[in-house]
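Got chain A; can you put chain B on it based on the hints?
Below, each chain spelled out in residue letters.
2 protein chains.
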Amino acid sequence: MSKLVIVGTVAFDAIETPFGKTDKILGGAATYIGLSASQFNVDSAAVSVVGGDFPQEYLDLLTDRNVNIDGVEIVKDGKTFFWSGKYHNDMNSRDTLVTELNVLETFNPVVPVAYRDAEIVMLGNLHPLVQLGVLEQMTKKPKLTILDTMDFWMNIALDDLKKVISKIDVITINDEEARQLSGEYSLVNAAKKIHEMGPKYVVIKKGEHGALLFHNNDMFYAPALPLAEVFDPTGAGDTFAGGFAGYLAKSGNISFENMKNAVIYGSTLASFCVEKFGTERMLSLKPEEVKTRLQQFKELTQFDIELK
Amino acid sequence: MSKLVIVGTVAFDAIETPFGKTDKILGGAATYIGLSASQFNVDSAAVSVVGGDFPQEYLDLLTDRNVNIDGVEIVKDGKTFFWSGKYHNDMNSRDTLVTELNVLETFNPVVPVAYRDAEIVMLGNLHPLVQLGVLEQMTKKPKLTILDTMDFWMNIALDDLKKVISKIDVITINDEEARQLSGEYSLVNAAKKIHEMGPKYVVIKKGEHGALLFHNNDMFYAPALPLAEVFDPTGAGDTFAGGFAGYLAKSGNISFENMKNAVIYGSTLASFCVEKFGTERMLSLKPEEVKTRLQQFKELTQFDIELK
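As you go down the protein sequences, you meet chains A and B in turn.
The numbering of the first sequence is numbering that gives the first Met the number 0, which starts it at 0 and goes up by one.
The numbering of the second sequence is numbering that gives the first Met the number 0, which starts it at 0 and goes up by one.
This is chain A alone, in the form it adopts within the complex:
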């Protein structure tokens, strides 16, 4: 089993969907990635920052699940990053209502010494210079580095983003962002251009339409499980990334064939995340439920055509 370093926000979210709204609840990319990866019982560490207002019980939710938080800095007189958003009726788009960076503004990530030789590094959505800073602290070249990002950084820090993209192995990005980053409409062509920027593997997340994995001319397509109701999409992309990274850390096999399985695990875990507000569903998730849903994914996608 490999050690896994997880970088990303640990945050307060306030979410509004057609089904209801929440006060400030637990959120953040590193939170969702950590909860998702914890399904594989890997030895992981979160690198992040929170303020003095962040409840100890939220941190305990991570440590309870074997996510080391020595790299989560607590700025006693600072306030935790806060994001608030409202989803439209179709759940495919949202408006950001509030973004308070707070302690993130001056965040210098520190990877705990015990994790600087981790084999897998998952760089969750954060400023590309923070992502880069984490990479530079690794004392041994990781077996696999995975980066997730979003259009926000393309808009305000494209050069920094391109620099970190040139150094990583796998990028996970959504379809519109892949188009923006590459200037190509076709996702096949977009993946090709993004390959040329550095990553050997490109994962394009298409929300309710699933996810595509590209590696040179090889492609793999994992559908999203069709659901009667999507309750709250917040964190689904991070949960996908956490399942992807967690499965690879557990299996230790980073072949393309095994990455297909990692994409399926990512999609499976994301399908749970959207069933309730915030992290609620991920916190109650049992291994047997994951197994049952993987079986559903098999029935959903596997067919039996003999080619003679």
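Since the hints were made in silico from the structure, they are not lab data.
Check the hints yourself; a few may be wrong.
Heads up, the list lumps identical chains together, so a pair's fine if it works in one copy or across two of them.
Okay, derived cross-link-like pairs now, PhoX-like style, lysine-lysine, Cα gap no bigger than 25 angstroms in a straight line [stated by the list, open to error]:
(1) K297 x K205
(2) K297 x K307
(3) K205 x K191
(4) K2 x K139
(5) K162 x K191
(6) K290 x K275
(7) K192 x K166
(8) K161 x K142
(9) K140 x K2
(10) K85 x K20
(11) K307 x K20
(12) K20 x K139
(13) K307 x K285
(14) K166 x K199
(15) K307 x K290
(16) K249 x K307
(17) K192 x K285
(18) K191 x K297
(19) K20 x K78
(20) K23 x K85
(21) K162 x K199
Okay, now just chain B, sitting in the frame of chain A:
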């Protein structure tokens, strides 16, 4: 092997895409369905109508491929149905420029006597009363009836459409049309409502995002092959339906498991259709090419997770 009856338009199309434009070329739902189904060497018959202006060589393209045209009426002093459309840059939407119904306005379909006991009936896009008229001519209850339709008929002939929908086994319909017909946004809920209208099987076509097959609580998802370029989407939905129906006619097995294969064959054939203007690619398509692409579909979708 089962006999297959194909109902639909045989038409002239004029198409404009970002890649170029055509004069009047061969088109029509029955044409695309017939060409696609002919890949399975099934005994099929088209039921349609053309005008005196329709070239014999176009009809020969069908008979050359074992599609019987005794049921294609030729109205000597009439003009063939003509459709013209222009695709937007993203290829996912189009404007209809011209629709001249011509001989379709007074069309009374006649199923050739030799095909009135066909096991599979594929009702391609046409007025629901024409589709119903064909069903009523069958002397033996078909093993499987498949209906394709579009929003146009929902808008002007909903009651007739619901009547024919209540009598068929499989409906193929695109995602937006499924939402319109059911009043449900979630495709899972839309399929449920459409089941209640009659069809035991609901196929929802999502264009570049693939197709979903529903049967009670069972689901199957076939992706569309991600393509660097979609040259002309015209006929892709009909080609999908023709592959679906043709494969089932050839195999004679209408179990849900075998319908999964039929959906994959439909997707595979549709992925060729969009590579060139109109029917051009389907007319040059070789069995070896289909086999190679099926192998691509396998690599695209199949994974190997052991559930213990």
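Review point. Is it within, between, both or neither when you check K307 against K285 at 25 angstroms Cα-Cα?
Key: Answer is between: at 15 angstroms across copies they meet the 25 angstroms cutoff, but 42 angstroms inside does not.
Review point. Taking 25 angstroms as the upper bound on the Cα-Cα distance, should K297 and K307 be classified as within, between, both, or neither?
Key: Both: 23 angstroms inside a copy, 14 angstroms across copies.
Point to revise | Intra/inter-copy verdict for K307 and K20 if alpha-carbon distance must be at most 25 angstroms | key: So K307 and K20 fail the 25 angstroms test inside a copy (55 angstroms) and across (39 angstroms) alike.
Review point. Is the C-alpha distance from K249 to K307 at most 25 angstroms within one copy, between copies, in both cases, or in neither?
Key: between (36 angstroms within a copy, 16 angstroms between copies)
Practice item. First find the shortest C-alpha distance between K2 and K139 inside one copy, then the shortest across copies, and answer within, between, both or neither for a cut-off of 25 angstroms. Key: Within one copy only: 12 angstroms inside a chain, 66 angstroms across chains, cut-off 25 angstroms.
Check your understanding: For the identical chains here, do K161 and K142 meet the 25 angstroms Cα criterion within one copy, between copies, both, or neither?
Key -> within (21 angstroms within a copy, 58 angstroms between copies)
Check your understanding: With identical chains treated as interchangeable, where does the CA-CA distance between K191 and K297 reach 25 angstroms or less: within a copy, between copies, both, or neither?
Key -> Between copies, since 21 angstroms is at most 25 angstroms while 29 angstroms is not.
Review point. Is the C-alpha distance from K162 to K191 at most 25 angstroms within one copy, between copies, in both cases, or in neither?
Key: So K162 and K191 pass the 25 angstroms test inside one copy only (18 angstroms; across, 48 angstroms).
Point to revise | Identical-chain pair category, K205 with K191, by Cα at 25 angstroms | key: both (17 angstroms within a copy, 24 angstroms between copies)
Review point. Under a CA distance limit of 25 angstroms, which applies to K23 and K85: within one copy, between copies, both, or neither?
Key: Intra 13 angstroms, inter 49 angstroms, cutoff 25 angstroms: intra-copy only.
Check your understanding: How do K297 and K205 come out at 25 angstroms by Cα distance, when the copy is not named: within, between, both, or neither?
Key -> Answer is both; intra-copy 19 angstroms and inter-copy 20 angstroms each pass.
Check your understanding: When no copy is named, should K192 and K166 be tagged within, between, both, or neither for a Cα gap of at most 25 angstroms?
Key -> within (15 angstroms within a copy, 50 angstroms between copies)
The structure shown violates the earlier hints numbered 11, 12 and 17.
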